[in-house]
Amino acid sequence: MGDVGGCRIYKMTQKQSAKNILQQDMVANVEALHTQAYTLMAPCGIQPILQENEMLNETAVTEFLLTGFSDIRDLEILGFVIFLSIYSTAVTGNLLLVLTIIQNRHLHSPMYYFLGNLSVLDAFYISVTVPKLMAMSLTNNKLISFSGCVVQVFLVITFAGSELSFLTVMAYDRYVAICHPLQYMLVMKWNACFQMAASAWICSLIYAVVQTANTFKLHFCRSTIKQFFCDIPQLLIISCTDTTANLWLIVAVMISLGSFCFFFILVSYGFIFSTVFKMQSAQARYKAFSTCIPHLIVFCLFLSTGMFSYFRPKSMSSPSVDLLAAVLYVVLPPLMNPIIYSLRNKEIQEAMQKISKKVFGFQLVI
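My numbering numbers the first residue of the sequence shown as 2 and each following residue consecutively.
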C-alpha cells in the first residue's frame with residue numbers, strides 16, 4: 002500500500018512540474034514575441050499596441066488624461082484668461098439674446114423662437130468643454146473620470162446634432178416667411194414649431210445615446226487623450242479593439258445628415274434669393290437679407306468647421322491642428338452666433354439695448 006501511495010504522489014509531482022514548465026514556456030514565448038515586435042516596429046516610430054501586461058492581464062481604464070494645449074505653466078495661465086474671456090462673452094451673449102426674446106412681445110414669432118432655442122443650446126454646448134479646460138489650466142489637474150468622459154461625449158454629440166437640426170429648421174422658417182408669406186401663420190403654427198423643436202432635440206438625443214454606447218463598449222489600451230476634451234476620434238485612436246463599425250457609423254451619419262441639411266438649406270436659399278431679388282421695395286429686400294444672411298453665415302461656419310475636424314486629409318492631421326479644429330467647431334460657433342445675429346438685425350439690436358440698460362444699468366453699443 003505504501004508503494005502504491007508513493008507512486009501516486011510521484012506521478013502527481015511529475016504532472017505539476019510539467020504544468021509549471023509549460024506555463025513558464027508560454028510566458029517566455031509571449032515575452033519573446035513582445036520583444037521581437039518592439040524591435041521590428043521601433044525603427045518605424047511605431048509602438049506595439051498591446052503591451053505585455055495587456056496581453057496577459059487586461060486592465061479596465063478608470064480615468065483619462067487630457068493633454069490640453071500646453072504643459073508650460075505661464076502658457077496655461079494665459080490660456081485660462083483667454084478662454085475665460087471667450088466663455089464669459091459667449092454665455093452672456095447667448096443668455097442676453099434669450100432674455101431679449103422672452104421680454105419683448107414683438108419678438109414672439111417662430112423665427113425668434115427657434116433662435117432662442119439655438120441660443121440656449123449654444124450656452125450649454127460651450128459649457129460642456131470650456132469650464133473643464135479652464136479648470137485644467139488653473140489647477141494643472143488634467144484627469145477626467147471614465148463616467149465624466151462618457152457624459153462629455155454624450156452632451157457634445159447632443160448639442161452639436163441639435164445645432165445642425167435647428168439651423169436646418171430655421172432655413173425652412175425663412176423660406177416659408179419670404180416665399181409664401183400669406184401661408185406663413187398657417188404653416189408655422191405654434192404646435193408645428195413645438196413639434197419641430199422637440200424632434201430636433203429627441204433625434205439628437207437618440208443619436209447621442211447610440212454613438213456614445215458604441216464608443217464606450219470598446220476596450221482602451223491607453224488613457225492619454227490628445228485633446229482638451231473627450232473627442233470620439235481621439236478615443237478611437239487609443240482603443241485596442243476593432244473600430245471599423247464606429248468609423249462607418251460616424252461617416253454614414255455625418256455624410257447623410259450633413260448632406261441632407263446642406264442641400265436642404267442650399268435649395269431653400271435658392272428660392273429665397275430668387276424671391277428677394279424680385280421685390281420692388283429696397284426696404285423689404287434689406288429686411289429679408291438682414292434675417293437670412295446671418296443664418297447662412299452661422300450655418301456655413303458650423304458645418305465647415307465640423308467637416309474640417311472630422312474629414313480633413315491625413316497630411317493636415319497633427320496634435321496642434323486637432324486642437325485648433327476642435328476649437329473651431331466646439332468654441333467658435335457658440336461665441337459667434339449671438340454676435341452675427343445681432344449685427345444685422347435692428348429688432349434684436351434695439352431690444353438688446355433696452356434689456357441691457359434694464360438689467361445691467363448701461364446700454365450696449367452694437
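Heads up, some of the hints might be wrong.
Derived DSSO-like pairs: lysine-lysine, alpha-carbon spacing no greater than 27 Å straight-line [what the hints assert, rightly or not]:
hint	residue 1	residue 2
1	358	347
2	347	359
3	133	227
4	227	143
5	347	288
6	347	190
7	288	190
8	279	347
9	218	133
Please keep in mind that the hints were generated in silico from the structure rather than gathered at the bench.
Do the hints match the structure? See the list:
Note on residue 358 and residue 347: the hinted pairing holds, with a Cα-Cα distance of about 17 Å set against a maximum of 27 Å. Taken as a hint, the residue 347 and residue 359 pair is honoured in the structure, with Cα atoms around 18 Å apart against an allowance of 27 Å. Pair hint residue 133 plus residue 227 holds up; C-alpha atoms about 15 Å apart against a cutoff of 27 Å. Restraint check: the Cα-Cα separation between residue 227 and residue 143 comes to about 11 Å, which is no more than 27 Å; the hinted pair holds.
Restraint check: the Cα-Cα separation between residue 347 and residue 288 comes to about 9 Å, which is no more than 27 Å; the hinted pair holds. For the hint pairing residue 347 with residue 190, the CA-to-CA distance comes to about 25 Å; that is within 27 Å, so the pair holds. The suggested pairing of residue 288 with residue 190 holds, with an alpha-carbon distance near 22 Å, which does not exceed 27 Å. Taken as a hint, the residue 279 and residue 347 pair is honoured in the structure, with Cα atoms around 23 Å apart against an allowance of 27 Å.
For the given pair, residue 218 sits about 24 Å from residue 133 by alpha-carbon distance, which is consistent with the 27 Å threshold.
The structure is consistent with each of the numbered hints, conforming to all of them.
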